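Asks: Chain by chain, the residues:
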Amino acid sequence: MAERVGVYVCHCGSNIAGMVDCEAVARWAKENVSDVAVSRDYKFMCSSLGQAMIEEDIRKEGLTRVVVAACSPHLHEKTFRRACSNAGLNPYLMQMCNIREHVSWVAQERDPATEKAKSLISAAVARVKRQEPLEPMKVGVNPRTLVVGGGIAGLQATLELADAGYPVVLVERSPSIGGHMAQFDKTFPTLDCSACILTPKMSEAYQHENVTLYSYAELEEVSGSVGAFKVRIRKRARSVREDLCTGCGACIEKCPRKVVDNDFEVGLGYRKAIYMPFPQAVPKIPVIDRENCTWFQRGKCRVCEKMCQPGAIDYDQQDEIIELDVGNIILATGWKLFDCRKIPQYGYGRLANVFTNMEFERLCNAAGPTSGKIVLRDGKTEPRSVAIVHCVGSRDKNHNEHCSAVCCMAALKFGHLVLEKTGAEVYSFYIDMRTNQKMYEEFYCRLLEEGMHFIRGRVAEITDAARMPGEEGKLIIQCEDTLLGRQRRIPVDMVILMGALEPQADAKELGLKCGISCSMAGWYTERHPKLDPVATMTDGVFVAGACQGAKDIPAAVAQGAAAAARVMGMITKGTVEIEPVVASIDEEGCSGCRICNNMCPYNAIEYDAGRNVSRVITALCKGCGTCVAACPAGVITGSHFNNEQIGAEIEGILWDARAAAGRGAAAAV
Amino acid sequence: MSKGKLAIYWAASCGGCEISILGIQEKILEVDKAFDIVLFPCGADGKVREVEKLPDKSIDLCLFNGGIRTSEQEYMARLLRAKSRVLVAFGSCAHEGCVPGLGNLHTRKEIFETNYHDSPSLDNPGGTEPHHESSVPEGTLHLPEFYDTLKTLGQTVPVDYYLPGCPPESERIWEALEAILTGQLPPPGSVIGVNTTVCDVCKRKRTEKKIKAFKRTWEVVPDEETCLLEQGLVCCGPATRAGCGALCPQVNSPCIGCYGPNGGVEDYGARLMSALASVIDSNDPEEVERIVREGLPDPVGTLYRFSLASSLLRRSSRQAEAAKA
Ligand SMILES: Cc1cc2nc3c(=O)[nH]c(=O)nc-3n(C[C@H](O)[C@H](O)[C@H](O)COP(=O)(O)OP(=O)(O)OC[C@H]3O[C@@H](n4cnc5c(N)ncnc54)[C@H](O)[C@@H]3O)c2cc1C
Ligand code: SF4
Ligand code: SF4
Ligand code: SF4
Ligand code: SF4
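Quick note, the sequences are listed as chains B and X, same order.
Everything in the first sequence is counted per our numbering, starting at 1 for the first residue and increasing by one.
Everything in the second sequence is counted per our numbering, starting at 1 for the first residue and increasing by one.
A couple of the hints might just be wrong.
[Said to hold, decoys possible] Now the stretches of chain X that chain B is said to cover, found in silico as 3 or more residues with beta-carbon under 8 Å:
1. 190-200
2. 207-221
3. 232-242
4. 255-266
5. 273-284
FYI, nobody ran anything at the bench for these hints, they're computed from the structure.
Remember, predicted model here, so these are calculated numbers, not experimental data.
For each residue, glycine too, the CB sits at the ideal point set by N, CA and C.
Go ahead and model the full structure; you've got the sequences and the hints to work with.
Replies: Printed below as a string of structure tokens:
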């Protein structure tokens, strides 16, 4: 029996209709594409009226297949699948054809765009006729959640879930949780003490009965899918036994080896070879930095071992591999600082008194290397004038196009701290002042009143080459003041570069492990930029905080909570449906050559040595098709993407080429 | 019951198929019991003009080996198609083009250049080369026309069954003949054979494949136990239809793919290529490039040794040829 196909061409307001003659396309489909029983165009196919139209046609016209020519399936495949289900048609007998992102949004002329839409519809019809009904599989949701990254966003997510009674595994790469917030002195715009509001959350998470914390650990591998992920965590060897250490710090005190602390103190202070990043670190258990430890490097010392009463030092400790089952994953891996050396004209690394924003955070932190005294690199001189340069590596085509979102506010915070602690003159060099959150603009006004100077213009150069009287021994900021419309040179004692927030160096790699992608810049891509900001394209993987884009603490916290809420929703529901679009191996045909065995990015293929065949573990397969392409015997089939369907699609797209060349022309030699 | 009629013919092929047919040994007597041989240029008498006189579809079975390279071969293919009830593309040449099909990497002109002018072992002072038509005092002589492109039998006339192999193994020939004699045939158009690949019958031990370098056969003496591909030899076993009993791997030599693609595979070389690409153990594009360059110096000859003419490529591109000329 011939199929009865319904074709629905969406205008998407003027998004599609502005470039494609939707009406003509719909008419053409009915008249020219075989087996099209109904073909309509409509202003908004995804609206309830549009969906109702499809449902009614399925019932009244007896449609056996549906093609919706509209936007990307990412957006509305679920919508239209549901409409088909409602009308009793298996949802996998619906095919979407993207004439928005793939046609109207990228085309420049109406006629060719309309022709392209026809080709895509012809392909979709050819393919949909060969599609087979599929049934989604139901998988139980493991209530345990993995949170990666123990910054403020990850902590928030962890606590929300744990307080709701669900088990959480928190994996943090550094020896302590806390993230960047632990390094700050005060937080804008309220100026409350960062540690005071952060550390209670850190210890709460650590002590929570529902939280298992793995610090100094990394996520190595993820397999499985939503509801039932398997994760492998590498807990790096601390050389200190967590079960015995009491956190007394005797080992640290007596360790003879001092090293520059390039992490927590951003190079401004020292730590020992055995160390805790900061006094309130959680867990309060030291780590031996083997690279710098005298015992590990030269086979002498073992002082810490002698000092440690409970005998917690363990030089032979090995990395530990922990394998766990979790239902959902939240990535909250935050950001890293732009390398300010990349802008040589700003002199960072060359001119001693040019500081980065993170260095300055440590300088004015009461627990920092100068006990909160704002001084020059010499460690004693208080500056009498300070310049704060905004947008260093942000809003800059050569480095990062994005706005780092927090630097203006952090600059105001710094201005306030300098004025409060030193009474120096403070100049802010900004392009635009961005203070658009609650109480932010008010904070800006406060700084205007406090007497901070604001100069609008991008700084061209920072130099120590004096040209005018009063410039000797100073750093001179050369910049065009765009409000005054003239060049200015401002001599100062100290410069703070507001370096950009950038994606973590390993963001792509970690994303790949979890099956999610990054934007060009490297921020994790959310499912929908407006309507679904913490979910991702991979079910069961969520993102929160600055790993999704530069943001301030309130926004990071909100996302942490939002991600937790999404996970709770899944746990409460208990089961999830997973796509039945999977690969399968014809065991009769499989020769057991094992080519496919290490191909699967999701480890969904197992080899049965007894029968000498390979097999797809359906629950793990994501239908990516890698193995299908690899199998030299051609015995792996990807459902919903089998050869026949893809072949039909290609033939469909070439409908006019075939007409033009005459049948069989392709075969002529 | 009256005896059926059998024709066995050869076109662009080497003659190995005939030897393999005779390799069924005493079973040839059973074939003789069942059939009268009407045409078998290599093994029996029989004249084309007699075949031309036969009514259509009066030959019960024709085993046709060889690809179609000349006008004469094409004529015979059409003739035997018309006269035969069941036409079998017998052996790799008829099935996929085989080694003669590699000539499709060149044009007729280039082939003639090599064969009649450039070859170092040649003594052709007059620069003679074959012509379709030539005038002699006695009149005009005709030689078959040599085509630019070799086609398979199936690309020339409709074929009922394919029997793969270079040559098909005698046991498989007998099995096919038995199937034909007893009428137990698969649906028309199919390959008579099993639907799995050589690895299925190969006894070598295999693990997950990770290859750092492809080796050429003269570079290593492979160990007898382990999968040859895992030892770096380009073994075509994973992609090649089973049927030979893994003869080559059994004697420590990699499978070269003579049994052609498995059922449902469109393009043997592409399949093998993506399989080999899949097991290269590197993510560094430069290293991958080096592994391929050093280990696969002749990709077409390795991946499409038997199947170029029947592949999606069919022949070298006309543009490339125009550019060469
Ligand atoms: C100079 C400066 C001052 C600022 N001041 C303020 C302020 O006053 N108020 C305000 O609201 N905002 C401020 N911000 C912004 C603030 O830093 C961010 O909003 C906040 O850090 C975001 O938190 P997060 O948890 O997303 O990321 P992070 O704080 O970066 O935490 C991420 C955590 O994940 C861990 N991690 C990373 N990768 C991995 C991995 N692969 N595996 C395991 N763990 C991993 C990291 O070690 C870290 O602990 C400031 C920013 C700057 C640059
Ligand atoms: S053994 Fe290493 S960590 Fe311990 S005290 Fe000596 S240098 Fe420090
Ligand atoms: S299609 Fe194949 S490679 Fe891809 S996830 Fe499924 S089993 Fe793994
Ligand atoms: S690649 Fe194909 S034939 Fe080889 S083991 Fe995998 S499924 Fe089987
Ligand atoms: S030696 Fe060749 S035929 Fe045997 S298992 Fe390895 S790849 Fe397959």
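Asks: Taking the hints in turn, state whether each one holds.
Replies: Verification of the hints:
1. 190-200: holds (count 6)
2. 207-221: Holds, because 4 residues of the segment 207-221 of chain X bring their Cβ atoms closer than 8 Å to Cβ atoms of chain B.
3. 232-242: holds (count 4)
4. 255-266: holds (count 6)
5. 273-284: Coverage by chain B holds here, the residue count being 4 at a Cβ distance below 8 Å.
In this structure, every one of the numbered hints holds.
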